[in-house]
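The lines below spell out each chain.
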Amino acid sequence: MNRISKAKQILWIILGVASAVAVTRFIYGLGVTTNLTDNSPWGFWIGFDVMGGVALAGGGFVIAAFNYIFGKKELHPIARAAILTAFLGYAAVAVGLLFDLGLPWNIWHMIIYWNPHSPLFEVGWCVMLYLSVLTLEFSPVVLEKYPKIPLLAKIHKILYKIRIPLVILGIMLSTLHQSSLGSLFLAMPYRLHPLWYSPIIPVIFFVSAVYLGLMMVMVESMTSSWLYKREPETHILMKLRKYALWMIGIYAALRFGDIIFRGAGLFLFDAAWGTYLFWMEIFISLVIPLIILAIPRLTKSINFMYIAALSGVIGIVFNRLNVGGLTHLNNLTDIGTFYFPSWMELFISAGVVSLAMLAFFFFIENFKVWEHTPEDPDAPVKVKPKFNSFNIYLGPTKVVNRTKFSFMFVLAFALSFALISGTEIENKGIDSAQVSRARGGDTLLIDGNRNNYGVTFKHVFHQQKGITCGQCHHLNKPGDKATGCYECHSDMYNEGDAFRHDWHSSSEGANLSCFKCHDRNISKGKDYKYATNKNSTVKKCEECHKQLIPGDSKIKEIKSYITVSYTDALHKLCIGCHEDKLKTDSLIIVNNPNLAKCSKCHHEVQKFIYERKLFENFENNKWVVLPNRFEK
Amino acid sequence: MKAILTDITKCIGCAECVNACKVINNLTPDKPREWQKNDGLSSKNWTSVLSNQKYFVRKQCRHCIEPACASVCPVGALHKTEMGAVVYDKDKCLGCRYCMMACPYGIPRYDWENSVPYIKKCILCYDNIKSGKLKEPACTSACPTGATIFGEREGLIVEARKRIANEPHKYLNQIYGEKEVGGTNVIYITSKDCPLDFLFYYNHRVDKGRNLAGNPEINEPLPNTTKWAMGAVPFAFLGMGAIMTGTYWVIKRRQEREGNITDNGQQITDNVKDGGSNEQD
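If you read the protein sequences in the order shown, they are chains U and V.
So for the first sequence, this note's numbering puts the first residue at 1; every next one is plus one.
So for the second sequence, this note's numbering puts the first residue at 1001; every next one is plus one.
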């Protein structure tokens, strides 16, 4: 076992977890798998995968420019690796974007629906074109391996001839979209912190991308020489160090000059989260690399060089994260919630990076990316076919590693897929309320009218009817504690002076059960509520009150037993008609729909209700949302 | 252009507008979820009523005259109609959510709970008005007190001025939405003790009372901020190309003159490009 093989195993495990997360994200949607909110619609995937990724891949055009245009041939040995990194970086950006977009299958719409005003449109086109250019720039490496196939050889020849125009085109496109990624944020002066929002943010982005490109090439060179146990390319690193120092100077001057010129210098010394982030970013991206690279004694040590380059890379990616979301108002003020990526977001990003790295290893092991294709470092494995401590047979020597990697991937995928709980994900973000046990027995006396006539209420009976808890008890709804009996038994208050329902049903009064008068066979509650002819099920008064109609009465038969009160009569006569009409006609065509609204007359009702229920603990002059009382 | 005028002093907070909006747009009941903002708007509430105990304010899309959301959308899924509404074409959308980031009022909402999500916001009942089904948006026609009314923007601004002039002791002498970010099609007038600055998206500079050079004025339309950068695109593109071609040519000539290369420049760069391919030969 050696470094590269271990690194690959870890990458395959990350990839397995990420694949499980990816499936979850596409099944359940963005809301429950990410921590994105309406306040922070862009998160880690935009900040790191897209903005960071494009910047990280900037090494390709920087090295291509130095090597082919400026004639710095000493950089040539790393040119192919730099272009490969850029190619894989952009491919990773495209893959990462597919997870972030809400409708990724519509990504091609940018080709047919144009909006040239949009910076994102321009970025999209540039990335698309540049990815094609990079493919053409890199494909000779693949093609030269097959000189025997005439067609491929011909394509190789053509590509070879146009390589300088291709490099120039690549540089042109890179310039555009590296800076346009900054232009994206020009449209957000009300979001971005003033230390980052600048009218020249496109220029700042371009310069920092060039700087990051150099640093990234250094990191990549040192990392791969460590992994493959090669000699570090010291002479190239020293050359890059010189350019990097220049870029540090230019970038720092641009950054601070811009802040001071705009008059945002006062923000530099605030005791605020935004200011801390700024100084952190400056320290990582500029101060550490500057100190190490400027002292020749330190640069002799490859470890220090690595720290410097890595610090520069992390610093500029941190800058992209800051601009992309961390320094937006929702994170810096009390307006919104603080955004921090969920573990799923982090794993998707890690998975995309792992995929790109694995592809990188594949290319350098199989094609002539470096001057010397690295020796297969897995050679020592051939010592025994039965490998590792568990003594599991993993196949012949040739495929041992492949088996191992596939095993890692499948295991990681299956385990994390099993551990992701579907219910937990589906319920994410729903406010939960405490539920207490119902007090009292199954039969309660409910004194709904507060007139000391409690109505017997059988809880068990309602449960047996199949009425869910939520139909009556829904404490989560603002401004609503529980459903009153009348919500289902809609006619229980349809009573006048002639008949006192509450007296009849109360234990203090007649103490009759419901079914003394109402037919037991006819289902009550939900079904009863929507029944068309309710009164027909009620027992007639004279069945109990035998002497109800005296013999000499002019009325021989009582047709309706329910009389309405004065208020009910008024409401029923005017408003009832309007409401009935509203149900059949469309909302607006009725002449005066507003008559059907309570608030037409009861101006104070809403204020009264809300003041009592909502504003008991009201902070002074704080704005809250009114609950929608129509949602049931 | 059509517009909505909301008079805060007349609103009684009955939330009929919220209900009417839900009915006309077939919006299902909303569960409070953690990704929603605390201002009542969500993918299923396109308008909401805020209250500070004394006054009620209706929140909705402002339908800016020069909308930032439409300007930044890479596929033009949002666009400003001749009626004044900013409408959304879900068939074009690819879900980048740039509109949500760019909106100066923080209005557009996302279907976070769906695996096929779309942008949701007030569209001023554009489809229904265009087809003649409605004469005015559902919310304004549902308002029992006339606190929110619909009409031509010029007429409403005249009306707002008239109201402020008639009762100067009652109204704040400012029409919100007349000039901000180039003017909006939903305008507010309010009582003296109820300034509506909080409806505007938060602004660090205003908060600190600092005016920074190069930042857009509060009355400047937001699409202007990206204009210079987008205008510079062709020049940057061609300029960079010209510089690179020129540099390449100059440096190649210089290297040829210095004679540290063979007479065939092509051969040199070939070697440079191809790296170790010579070793194979």
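Hints were generated in silico from the structure; no laboratory data involved.
Fair warning: this is a prediction, and the values are worked out from it, not measured in the lab.
Take the hints with a grain of salt, since some may be wrong.
[What the hints assert, rightly or not] Capping the alpha-carbon separation at 27 angstroms, the derived lysine-lysine pairs in DSS-like fashion look like this:
no.: 1; chain 1: U; residue 1: 73; chain 2: V; residue 2: 1252
no.: 2; chain 1: V; residue 1: 1252; chain 2: U; residue 2: 157
no.: 3; chain 1: U; residue 1: 161; chain 2: V; residue 2: 1252
no.: 4; chain 1: V; residue 1: 1252; chain 2: U; residue 2: 428
no.: 5; chain 1: V; residue 1: 1037; chain 2: U; residue 2: 428
no.: 6; chain 1: V; residue 1: 1037; chain 2: U; residue 2: 242
no.: 7; chain 1: U; residue 1: 458; chain 2: U; residue 2: 428
no.: 8; chain 1: V; residue 1: 1044; chain 2: U; residue 2: 239
no.: 9; chain 1: U; residue 1: 428; chain 2: V; residue 2: 1044
no.: 10; chain 1: V; residue 1: 1252; chain 2: U; residue 2: 72
no.: 11; chain 1: U; residue 1: 516; chain 2: U; residue 2: 539
Practice prompt. Could you tell me which of the numbered hints above are not met by this structure, giving the numbers in increasing order?
Written response: The structure breaks hints 4, 6, 7, 8; every other hint is satisfied.
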